[in-house]
Amino acid sequence: MKFGVLVFPGSNCDHDAYWVVSQVAQQPVTLLWHESQELENCDAIIVPGGFAYGDYLRTGAIARFAPVMDAVCKFAKSGGLVIGICNGFQILCESGLLPGALMRNVGLKYVCKPVQVRVENTDTPFTNSCRQGEVLTIPIGHMDGNYFCDQPTLEALKRDQRIVFRYCSSQGEITREANPNGSLENIAGICSEGRNVLGMMPHPERASERELGGTDGVKVFHSMVAALALR
Amino acid sequence: MSPVLSPAAITPEVVREHGLSPEEYEKIRQLLGREPTITELGIFSVMWSEHCSYKSSRVHLRRLPTRSRHVVQGPGENAGIIDIGDGWACAFKIESHNHPSFIEPFQGAATGVGGILRDIFTMGARPVAVMDSLRFGPITNRTGQSPVPTRSVPPQAEIHKNHSILEGVVSGIASYGNCFGVPNLGGETKFEDCYSRNPLVNAFALGLVRRENIYYAKASGEGNPVIYVGAKTGRDGIHGATMASEEFSETSEAKRPNVQVGDPFLEKLLLEACLEAMETGAVVGIQDMGAAGLTCSTCEMGARGHVGLEIELDRVPQRETGMSPYEIMLSESQERMLLVAAQGREQEVLRVFEKWGLDAVVVGRVINQDTMRVLQHGQVVAEIPNPALTDEAPVYARLMERWEPPVSRDMPEHIRLGEAEDLTPELHQLLASPNICSKRWVHEQYDSMVQVNTVEGPGGGDAGLIRVKGTKRALAMALDGNGRWCYLDPKLGAMHAVAESARNVACSGATPVAATNCLNFGNPEKPEIMWQFAQVIDGITRACEELEVPITGGNVSFYNETLGEAIYPTPVLGVVGILEDVDRAAWPHFREPGRSLLLLRGSEPGDLTDAQAEFGSSEYAQEVLGELWGFPPALELEKEAALQKCLAETIQAGVVESAHDVSEGGLAVTVAECCFRNGVGARLELAGNELPAECRLFGEDASQVVISCDQQQVRRIQQLAEKFGVAADLIGATIAGNLEIMVDGKTVVSAPVTELREAWATALERALHTETEERLVPAVIQKS
Chain F
48 MKFGVLVFPG SNCDHDAYWV VSQVAQQPVT LLWHESQELE NCDAIIVPGG
98 FAYGDYLRTG AIARFAPVMD AVCKFAKSGG LVIGICNGFQ ILCESGLLPG
148 ALMRNVGLKY VCKPVQVRVE NTDTPFTNSC RQGEVLTIPI GHMDGNYFCD
198 QPTLEALKRD QRIVFRYCSS QGEITREANP NGSLENIAGI CSEGRNVLGM
248 MPHPERASER ELGGTDGVKV FHSMVAALAL R
Chain G
2 MSPVLSPAAI TPEVVREHGL SPEEYEKIRQ LLGREPTITE LGIFSVMWSE
52 HCSYKSSRVH LRRLPTRSRH VVQGPGENAG IIDIGDGWAC AFKIESHNHP
102 SFIEPFQGAA TGVGGILRDI FTMGARPVAV MDSLRFGPIT NRTGQSPVPT
152 RSVPPQAEIH KNHSILEGVV SGIASYGNCF GVPNLGGETK FEDCYSRNPL
202 VNAFALGLVR RENIYYAKAS GEGNPVIYVG AKTGRDGIHG ATMASEEFSE
252 TSEAKRPNVQ VGDPFLEKLL LEACLEAMET GAVVGIQDMG AAGLTCSTCE
302 MGARGHVGLE IELDRVPQRE TGMSPYEIML SESQERMLLV AAQGREQEVL
352 RVFEKWGLDA VVVGRVINQD TMRVLQHGQV VAEIPNPALT DEAPVYARLM
402 ERWEPPVSRD MPEHIRLGEA EDLTPELHQL LASPNICSKR WVHEQYDSMV
452 QVNTVEGPGG GDAGLIRVKG TKRALAMALD GNGRWCYLDP KLGAMHAVAE
502 SARNVACSGA TPVAATNCLN FGNPEKPEIM WQFAQVIDGI TRACEELEVP
552 ITGGNVSFYN ETLGEAIYPT PVLGVVGILE DVDRAAWPHF REPGRSLLLL
602 RGSEPGDLTD AQAEFGSSEY AQEVLGELWG FPPALELEKE AALQKCLAET
652 IQAGVVESAH DVSEGGLAVT VAECCFRNGV GARLELAGNE LPAECRLFGE
702 DASQVVISCD QQQVRRIQQL AEKFGVAADL IGATIAGNLE IMVDGKTVVS
752 APVTELREAW ATALERALHT ETEERLVPAV IQKS
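From first to last, the protein sequence lines stand for chains F and G. For the first sequence, our numbering assigns the number 48 to the initial residue and increments by one for each residue that follows. For the second sequence, our numbering assigns the number 2 to the initial residue and increments by one for each residue that follows.
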């Protein structure tokens with residue numbers, strides 16, 4: 048079982064994901080340069096947070112054309128596990144691996160703080176270690192996390208239970224106050240039809256160690272490890 | 002300054018426009034033995050500017066203590082370095098970007114962050130934390146209750162201007178640091194009238210490097226190639242350093258083109274590429290191009306190695322066509338570095354930069370002469386002995402004159418203290434005042450968690466705390482300064498700045514080990530300003546010696562004046578401390594009800610006369626009374642040192658549940674702040690000590706820390722404290738939900754913690770009239 052973390056020019060959470068996979072989840076992991084054509088036999092791909100290509104033009108808009116993304120798209124289409132965190136989520140949307148788009152936060156400012164998200168579906172390779180409806184505390188840090196999609200897409204996401212995380216209160220209620228960026232229906236994370244691709248705005252790698260204040264995020268990585276072990 | 006960037010001939014007028022005096026020009030002619038070319042004049046003007054040469058401050062800065070067993074590199078390099086154990090060292094420094102931030106707040110602040118980050122990674126260290134010390138003019142028009150307020154009501158237009166400067170500075174810092182990927186651990190945000198037309202933006206950065214991998218900005222080895230890397234050179238920022246060495250006038254807005262424009266994405270690439278290039282072992286020396294750009298790096302790297310650099314400007318990557326040598330040498334385009342590689346190994350270096358998509362060009366070579374030689378089209382356009390620009394730069398022992406602030410030293414007669422029965426409204430008002438209220442609005446715009454090291458981020462503890470991966474250790478850091486106190490007494494105020502930032506570090510459980518300073522002052526050509534400066538240096542020197550935190554570097558910012566009006570003398574201290582075991586970190590927040598509260602106190606409280614005189618420098622006097630008088634609180638440095646040692650020992654003994662130092666707003670505000678995070682209340686039973694209740698609650702006596710502990714530990718802590726000669730008075734206990742304060746048995750404060758927290762948490766947003774998120778969230782959200 049090997050994880051690969053993509054490195055674009057401007058990625059800045061690549062080393063964080065690498066650290067948590069290697070030191071906390073204790074799995075083999077390698078960094079994959081944006082120009083590489085193949086994924087070095089990795090079993091799961093992490094598209095990390097940051098500002099790939101400076102987020103010029105539009106978040107993720109340039110990164111989707113990186114050579115490595117061709118390989119990631121092929122990998123995803125053949126059922127490989129891909130998780131996009133923050134900027135990674137934006138890149139996956141731009142690449143067409145996930146539907147919808149992430150717009151500027153309604154407050155028009157960058158927001159960095161711990162938020163609560165409710166696990167809406169535990170039947171995914173990313174949440175199988177969570178309880179249905181479990182409230183996780185995981186930090187966000189973004190300027191463009193305001194998820195939007197058209198009505199038919201939203202219907203499909205709901206029908207197929209592809210909304211994986213929603214921003215919620217500490218009691219697990221989906222409220223307007225708990226929504227940090229104006230996302231449609233408090234959406235914080237969604238998965239692909241095949242459930243093998245997940246995009247989420249919160250940073251699970253930032254909530255994976257006790258001394259940094261919480262370990263709810265590590266459940267995402269443990270879930271992936273468990274899912275891969277079953278393959 | 003002339004709009005013509007490359008004047009044709011040197012006239013007395015041109016010399017003056019370059020900020021050089023006739024005497025200085027004469028010295029240039031003597032050093033060169035001829036008339037300088039216009040390019041050379043430009044080079045001298047930036048290198049001899051106050052900003053680059055420290056010509057007014059150097060004679061005083063020599064007094065600062067700079068050594069200890071921890072210090073690896075003191076002042077004189079791009080950043081100071083200390084040893085933190087296990088083979089790790091940490092590079093850190095603070096620098097001002099005041100002038101550009103007033104003219105263009107967003108880019109001014111952003112490039113301030115960019116500049117200090119380059120100073121850190123130039124030394125081979127990966128930046129792991131930044132902080133900022135920010136000072137603005139008033140953002141509210143409150144002037145207190147006084148019938149004859151000392152403060153005049155600032156005009157609405159000025160308040161709006163201050164709002165926009167604050168917004169611009171904060172978003173500039175956020176945009177740069179967030180994209181670069183370095184956590185911002187906070188710092189301080191303060192408001193005072195004197196910063197209205199002269200905001201202060203002091204940026205601090207800290208990086209980690211293995212001891213054996215430290216790089217220096219020193220050239221060596223005749224024939225070694227000189228490589229230019231990073232962004233292309235444009236016409237931006239020409240004369241930025243000279244601009245920072247002048248007062249502001251009505252025409253300062255016209256200097257906006259002198260402010261550089263930052264690109265944090267490019268800086269991130271530059272960081273990764275530089276660290277990777279250093280790993281090849283082919284880099285001999287490296288320096289960033291900050292103030293004075295190519296000029297400064299070319300001559301300083303040569304000077305440090307007693308060699309020279311010869312560069313050909315035709316090879317310098319340029320963003321625009323037709324740039325003159327004058328413009329290329331003086332450009333302050335951002336995100337550029339100059340490095341010297343080992344001859345024959347330049348390809349290894351160039352390959353790394355190519356991988357990161359950055360320009361990297363061999364522009365010259367090291368020569369065996371202590372001279373900087375600049376060519377264009379093969380013709381020499383400037384040739385100056387390095388010492389002429391560095392060691393021979395003018396040093397002035399400027400005139401000093403003792404100065405008294407135009408305020409009363411005694412409490413004004415119309416002030417009545419000790420008459421109010423209920424001080425709850427005053428506590429409310431203080432908690433909601435701009436200097437004391439929560440700065441969440443500021444720091445939530447900063448990424449405070451990237452790099453997954455943040456143990457305590459902004460707004461949480463007294464200090465920021467990051468762990469050092471692969472060790473048990475953590476590093477604590479805090480910024481502090483109090484301009485108002487330095488205005489009333491520059492020396493004592495400066496001692497407080499050192500003591501307070503070190504105390505903040507100590508409250509996290511860490512031992513303060515070193516410091517960096519940013520010294521913000523008015524025009525040094527005025528004798529009273531120079532006196533303030535000398536006093537501040539004396540104060541910092543004494544406090545740093547006593548508290549054993551040597552200064553490893555920093556920055557001086559003079560000419561913080563607009564229309565002849567100077568800011569308060571404002572030294573800002575950044576103190577770094579080492580916490581041996583991250584699991585032993587302490588936080589300010591009360592954990593649960595039923596705990597005992599102790600006040601650790603280094604010094605004895607003063608008598609009524611002292612208390613009243615000192616009360617005039619407090620936030621209460623400023624915010625509630627609208628007055629300023631008297632002196633800063635007294636400070637006994639030996640007692641402060643004892644307090645900090647005592648704090649370290651009690652925290653390391655694991656008997657302390659929370660620790661928070663008493664600062665702005667006094668004991669009442671301190672205890673309220675401890676209540677907020679966990680919603681735990683407190684009941685204090687204080688002795689009046691024959692002082693007015695206001696002084697007991699809101700007086701800002703130095704060397705005090707509130708700690709909470711299990712009832713069983715009170716005796717043990719008191720015994721420990723006694724060993725250090727520190728008082729540890731039992732002052733109350735934590736309770737559920739309410740904050741109640743009694744003085745001599747009479748309740749003077751009683752309020753639910755939630756109410757106080759609300760006032761404190763939302764004040765800044767309310768002052769800025771920002772739209773609340775709630776109002777902005779579209780109505781598409783449905784219950785599901």
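Just so you know, these hints were derived from the structure itself, not from any lab. In this text the structure is predicted, and so the values were computed from the model without any measurement. Be aware that one or more of the hints could be misleading.
[What the hints assert, rightly or not] Computed Cβ-Cβ distance ranges for the label pairs, DEER-style: (1) G:Glu280 - F:Ala203: 22 to 28 angstroms; (2) G:Lys747 - F:Glu181: 45 to 51 angstroms; (3) G:Gly358 - F:Thr200: 33 to 39 angstroms; (4) G:Glu766 - F:Gly143: 36 to 42 angstroms; (5) G:Pro407 - F:Glu220: 53 to 59 angstroms; (6) G:Asp360 - F:Glu181: 24 to 30 angstroms; (7) G:Ala635 - F:Gln218: 19 to 25 angstroms.
From the three backbone atoms N, C-alpha and C, an ideal C-beta is built for every residue, glycine too.
Starting from the hint 45 to 51 angstroms, judge whether the C-beta atoms of G:Lys747 and F:Glu181 obey it.
With a Cβ separation near 50 angstroms, G:Lys747 and F:Glu181 satisfy 45 to 51 angstroms, so the hint holds.
Taking the Cβ atom of G:Glu766 and the Cβ atom of F:Gly143, is their distance within the range 36 to 42 angstroms?
holds, 39 angstroms
Could one say that the CB atoms of G:Ala635 and F:Gln218 fall in the range 19 to 25 angstroms?
For F:Gln218 against G:Ala635, whose Cβ atoms are near 50 angstroms apart, the range 19 to 25 angstroms is violated.
Indicate whether the distance between the beta carbons of G:Asp360 and F:Glu181 respects the range 24 to 30 angstroms.
Since G:Asp360 and F:Glu181 have Cβ atoms about 50 angstroms apart, the given range 24 to 30 angstroms is violated.
Range agreement (Cβ of F:Thr200 with Cβ of G:Gly358, hint 33 to 39 angstroms):
The hinted range 33 to 39 angstroms holds for G:Gly358 and F:Thr200, with Cβ atoms some 35 angstroms apart.
Could you say whether the range 22 to 28 angstroms given as a hint is met by the Cβ separation of G:Glu280 and F:Ala203?
violated, 49 angstroms
Whether the CB-CB distance between G:Pro407 and F:Glu220 falls inside 53 to 59 angstroms:
holds, 58 angstroms
Checked against the numbered hints above, the structure violates hints 1, 6 and 7; every other hint is satisfied.
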